[in-house]
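K.L.:
Protein sequence lines, in the order shown, are assigned to chains A, B and C.
The first sequence runs 1 to 641 under the working numbering.
The second sequence runs 1001 to 1258 under the working numbering.
The third sequence runs 2001 to 2211 under the working numbering.
Simulated from the structure, these hints should not be mistaken for laboratory data.
Incorrect hints may appear among the rest.
Straight-line C-alpha distance at most 20 angstroms; calculated SDA-like pairs for lysine to any residue [unchecked claim]:
hint, chain 1, residue 1, chain 2, residue 2
1, C, K2070, B, L1035
2, A, K19, A, L302
3, C, K2064, B, Q1057
4, A, K508, A, G475
5, C, K2070, B, D1032
6, A, K508, B, Q1061
7, A, K19, A, A308
8, A, K508, C, A2076
9, A, K508, B, A1034
10, A, K508, C, F2092
11, A, K508, C, F2091
12, A, K508, C, L2090
13, A, K19, A, A299
14, A, K508, C, L2100
15, A, K508, C, G2093
16, C, K2070, B, F1036
17, A, K508, A, T525
18, A, K19, A, T4
19, A, K508, A, V520
20, A, K19, A, V296
21, C, K2064, B, L1099
22, A, K508, C, S2096
23, C, K2070, B, A1034
24, A, K508, A, R461
25, A, K508, B, L1060
26, C, K2064, C, A2076
27, A, K508, B, Q1004
28, A, K508, A, V473
29, A, K508, C, E2095
30, A, K19, A, A295
31, A, K508, A, A522
32, C, K2064, C, V2084
33, C, K2064, C, G2053
34, A, K508, B, Q1057
Covered stretches of chain B, going by a simulated chain A footprint (3 or more residues, C-beta under 8 angstroms) [claimed, not checked]:
hint, region
35, 1042-1054
36, 1059-1071
37, 1099-1106
38, 1122-1136
39, 1212-1226
40, 1236-1242
Cβ atoms here follow ideal geometry from the backbone N, Cα and C, with glycine treated the same way.
The chain contents come next:
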Amino acid sequence: MCQTENAAEAEFCRLCHAKLPEAPEIPSVPGSGAVGGQETPAAGGEMPDWLSRLRQEVTGEAGATESAPLSGAGDDLDWLGAMPQVGGEDEGPPAGEVPEWLGASASGETSTDETPEGADVPEWLAKIRAKARGEDEGEPAFEVDEAAEITPAPPPVPPSAPEAVIPVEPEARSSLGLPDWLMAARPDEAPTVAPSSEPERPSWLMGVTDDGSGELPRIPALVFDGEGAPPPPALDIDLSSVSAQVPDWMGEGRPPEAADRSDLAPATLPAWLEAMRPVDTFRSVIEIESAEDAAVESAGPLAGLRGALLAEPVVAMPHAPTGKSARLDVNERQYAQAELLHRLIEDEQREVRPRPAAKARPSALRWVVAAALLLAVGVPGLLGVPAMALPAFAPRDLAGLVGVVDAIPTERPALIVFDYEAGATGEMEAVAGPFLSHLMARGVPIATLSTHAGGSVLAERLMALQGAGHNYVRGEDFIHLGYLPGGPAAVQLFAASPRQAVTSGFLKAEALTTIWDSPVLAGVTRLSDFTLLAVITSGSEDARVWIEQSEPFLGEAPLVTVVSAGSEPLVRPYYESTDPRVNGILSGLTSAVAYEQRLGEPGLAHSRWSSYGLGLLVAEVLIVMGAVGGIATGVVRSRRR
Amino acid sequence: MPVQIDPVLLETLGTLLAAVLTVMVLSYILGDNALFRIATYLFVGVASGYAAAVAWQEVLQPRLIAPFLNLSTAQFGAGPFLTGVVVPIGLVGLLALRLVPGAGRLGGLPVALLIGVGAAAVVGGAIAGTLVPQTLAAMESFSPFAVAPQTGETGFERMVNVLLVLVGTVGTLAYFRFGVRQGEEYAPRYSWRRVRTPLGAVSIPWPVFPFLGEVFIFVAFGVMFAGALSATLLYLTERVQFLASALQTLLSGLFPIA
Amino acid sequence: MRGGLGIVWAAIAISFGLIVLQGYFIDLEVLRDVRTMVLQWAVVLAAAALLLGVVNLLAVHLSKIGAQEKGWPYSAVLVGALVVTLLVGLFFGEESPLVLAVFQYIQQPVESTLAGLLAVSLTLGAVRLLSRRRDRRTYVFLVTAFLVMLGTGPWLIGSNGGLHQLMGEARAWLSQVWAAGAARGLLLGVALGATATGLRVLLGADRPYGD
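This is chain A alone, in the form it adopts within the complex (with noise of 0.2 angstroms):
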């Protein structure tokens, strides 16, 4: 709001155009005597204590009569009803409560010496009075030194209750404000104030107006706006016969005492600083617009009020800083060093290529073990020679795979399961062939299933190979189930149902509508149906799987694995117990040259064996030597150091 007085029915600020808040009930306090004469209320409540306190103030009525219980304009002011209750002047606080020096000043009377002797003056005021008579006229009420001894904080003032409000002295010396009884305080300035048939008037009230027309006190707006009398201007004080209390830096006019203070040498700024001293930037002068030019603003919650600082031109809509902004002045060698500096990041940011790396050489080393492996595996099947003599003892573990596969049923088709591929074909064939060739020597029939992509093919190239010597002919002999993809899930799906998980087959006859009609799975449903379930894998990942998955399924059925030389220990594990998983096992070339041994029908283990057993001779005198090398390269070294 804009402080502007208002007559009381006005609905809007004849200033600033703002809409007025409804005038609240103002309880009547019967007697009370209003200022100029304002008609007390006629109904309902009454004013509250410190107002009617404020109003015997500037009228100088006496008395204040009790006021009736507040009943004020709907239930709001009840809880000025809960206040203590002042009567008038003749019914203040009771003696002792207040002193007799401050009950003399609220009845207008006028001299602090005329204080009477052995009135209860509080001590500190005491002693105020006392260095006030001991100080020359002039001296800084207030000074800083530090080796004075510290006075004790005056004690605060008495709590102002309503009954204790004073009034100010029209005529008071501080700006400020200061109570009278502050300004009495001081022997040889007490004020002395003529009784006046006028009431005393506050200076902060010298701008309330009566005119009689039974409204409220007027206080003076802020803003001038040329219609209400302007507020009388400051009162100058001289302060510097007030009390040593008073600081310093209250009083205006005093002179400067910064010149005496010499002890601080005056600040020199460094250059860099100095350098960045902004100019052209600051406008000395703050030009305030008078109200009248002030624009009223049209937007947001302050939208009608003048004076106000603008939204939408200034924070709504930015704009560019207007005026030059800090200039930085740079000395010659301030820029050489920041030039050295940028130059010096450059080059830590310029991209180096990156030298191409040197094509690796093989080492000599590699090439001498290539030429002795290729030789020696190369030279036997060229030449014949030499003749690796064959294994005289089969392993232990020979006895029992024959065993199972003696003891299979051979009206049953046996599962061939085809897990490795192509780049082992070289030692699977080699091992595997024995194995099949046993199985066909029995007349079992055989199906064929493989989880890898190219199974099917490696299935067909061994069947075809050992086929060809006991004239198995696929789709009366054999038969290759296809491929099945999915890892464990699916040979979890055939082990349970196998007819639901392989449908097409691979090299199926044109004539079967789907692979299992074909008579070689004739009475086959289940895994269980199978006479003997065999994983031929170079892995053991697969052959785990294919354990781990079929076992449940599996029922008498057993299960014999053929695995690389590499995987053997892996797969151990399931045949070396009393309960075995893996019912006949059997890896590497050895065993498999005793099984064709065995057999009497020597086939691809028997044509590697000599090119097998030279390379494997070589590579041992090979990593003989290394080691010999490496220990003796060892030894020296650590002489060396």
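On the provided structure of chain A, position chains B and C as indicated by the hints.
P.N.:
Using the frame of chain A, we list chains B and C on its own:
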């Protein structure tokens, strides 16, 4: 679609191609070169194309496409057709959306199904097929009268072997659980303590079982290495023998013996 | 939406996973058919995933060719081989002699030769082992490998002698007792890890299928 190709010609050309490719790959011994790279990239392309053809011909086409071609009115809407054909087609379609930017999230359904089923199969197989049986197998009897069914061992030999297998099993598990501490992979793992025995004070490594497990593990690695080297020598043997036979066939073809 | 779909995927993975898992321990008859159906869906999806993987491989190398990155001619060879093999397999059938010939005369020889090169690498590694590292584990590893190799293959002389037989027995003892004990521990550890990982998926703690 049957294709009539002269099998002899096919075999001859095929063998020649295989021999050339074998030599190209073996040239890697001399160092990485363009011939080796061409051969390996060719192999990857052929293997991928063949796998895709097999997956389509043996799984997807007979399960998803053929039923539609052979569909009768009665079968359409039947439960087996819906669950066996329609739903898988939908799942495959959603899976294919993984390749489409922006719609890939819908492919989460078939992937979730695959992963859930796969995880269940792995867990079930691991517990029922390995954990329980192998734990029971580790508790072999130390009775000297028991006979190993596979090898026929009995008596003291069998007791020693059973003990060694048990110590190896426990030591290996102890090595991986207690032997390696996070952040201390290169710190000395064992200290030596002197223990009084009837034979006198003996220094033993501490902790014992992880130390023993380390020994057993590296013995197992040595056995696996020897087996792997044996296998790869067989692969090399097979290739060299193939080259020799191919060369022989080629020479006999070029210079037939009258 | 993102959180909602993730919860749906988790619910699907957990529910179907539990249906399959119960078959290993309880095998409720009412769920047997559902279990079989779910496993069939998994088989079909696995094949489809293989196809999608091949498509992705094709896309990667095609982009490499299009961008003329380093080594793009090799990618062109790969793409050409893939497309030709796939088309031949689709048009002529994967059982046709042409396709079988592609497998037998291209894939199998190259893959076998690559595996054969491992013999050189493994031997070279064993030769250099002690010159690079000499500690207790290296000695145990190398000595064991040497003894097993000695007991596995034939000798030039005395191949069937007593010493060779003794080496054979030593080889069997090392691989069937010492290595078997460690392997059993390894298998138990692998099974425990697989169980923990699988259970995390089945309980929804791990969601590798994304949100």
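K.L.:
State for each hint whether it applies.
P.N.:
We went through each hint and held it up to the structure:
1. K2070/C - L1035/B: holds (16 angstroms)
2. K19/A - L302/A: With a Cα-Cα distance of about 11 angstroms, the restraint between K19/A and L302/A holds, given a limit of 20 angstroms.
3. K2064/C - Q1057/B: At roughly 29 angstroms apart (the allowed maximum being 20 angstroms), Q1057/B and K2064/C break the hint.
4. K508/A - G475/A: holds (7 angstroms)
5. K2070/C - D1032/B: Given pair K2070/C, D1032/B holds - Cα atoms ~16 angstroms apart, limit 20 angstroms.
6. K508/A - Q1061/B: Satisfied, since the Cα-Cα distance of roughly 15 angstroms is no more than 20 angstroms.
7. K19/A - A308/A: Since the Cα atoms of K19/A and A308/A sit roughly 16 angstroms apart, the hinted pair holds (cutoff 20 angstroms).
8. K508/A - A2076/C: violated (35 angstroms)
9. K508/A - A1034/B: violated (41 angstroms)
10. K508/A - F2092/C: holds (15 angstroms)
11. K508/A - F2091/C: Judged against 20 angstroms, a Cα distance of about 17 angstroms means the pair holds.
12. K508/A - L2090/C: Holds, because 17 angstroms separates the two Cα atoms, which is no more than 20 angstroms.
13. K19/A - A299/A: Within the cut-off at roughly 15 angstroms; holds.
14. K508/A - L2100/C: With a Cα-Cα distance of about 15 angstroms, the restraint between K508/A and L2100/C holds, given a limit of 20 angstroms.
15. K508/A - G2093/C: The given pair, whose Cα atoms are some 12 angstroms apart, holds under the 20 angstroms limit.
16. K2070/C - F1036/B: holds (17 angstroms)
17. K508/A - T525/A: The given pair, whose Cα atoms are some 18 angstroms apart, holds under the 20 angstroms limit.
18. K19/A - T4/A: Answer holds: K19/A to T4/A is near 12 angstroms, not above 20 angstroms.
19. K508/A - V520/A: Roughly 12 angstroms between the alpha carbons, so the hint for K508/A and V520/A holds.
20. K19/A - V296/A: This hinted pair holds, its Cα atoms lying about 14 angstroms apart.
21. K2064/C - L1099/B: OK: K2064/C and L1099/B at ~18 angstroms, within 20 angstroms.
22. K508/A - S2096/C: holds (12 angstroms)
23. K2070/C - A1034/B: holds (13 angstroms)
24. K508/A - R461/A: Given that 20 angstroms is the threshold and the Cα spacing comes to 15 angstroms, the pair holds.
25. K508/A - L1060/B: holds (17 angstroms)
26. K2064/C - A2076/C: Given that 20 angstroms is the threshold and the Cα spacing comes to 9 angstroms, the pair holds.
27. K508/A - Q1004/B: Measuring from Cα to Cα gives roughly 19 angstroms; hence the hint holds.
28. K508/A - V473/A: Between K508/A and V473/A the Cα gap is close to 12 angstroms, so the pair holds against 20 angstroms.
29. K508/A - E2095/C: holds (9 angstroms)
30. K19/A - A295/A: OK: K19/A and A295/A at ~18 angstroms, within 20 angstroms.
31. K508/A - A522/A: The given pair, whose Cα atoms are some 15 angstroms apart, holds under the 20 angstroms limit.
32. K2064/C - V2084/C: holds (19 angstroms)
33. K2064/C - G2053/C: Distance ~17 angstroms between K2064/C and G2053/C Cα, so the pair holds.
34. K508/A - Q1057/B: Within the cut-off at roughly 12 angstroms; holds.
35. 1042-1054: holds (count 4)
36. 1059-1071: This one holds; 3 residues, not fewer than the three required, reach chain A with a Cβ under 8 angstroms.
37. 1099-1106: Result for this restraint: violated, n = 0.
38. 1122-1136: holds (count 10)
39. 1212-1226: Answer holds; 5 residues pass the 8 angstroms Cβ test.
40. 1236-1242: holds (count 6)
The earlier numbered hints that this structure contradicts are 3, 8, 9, 37.
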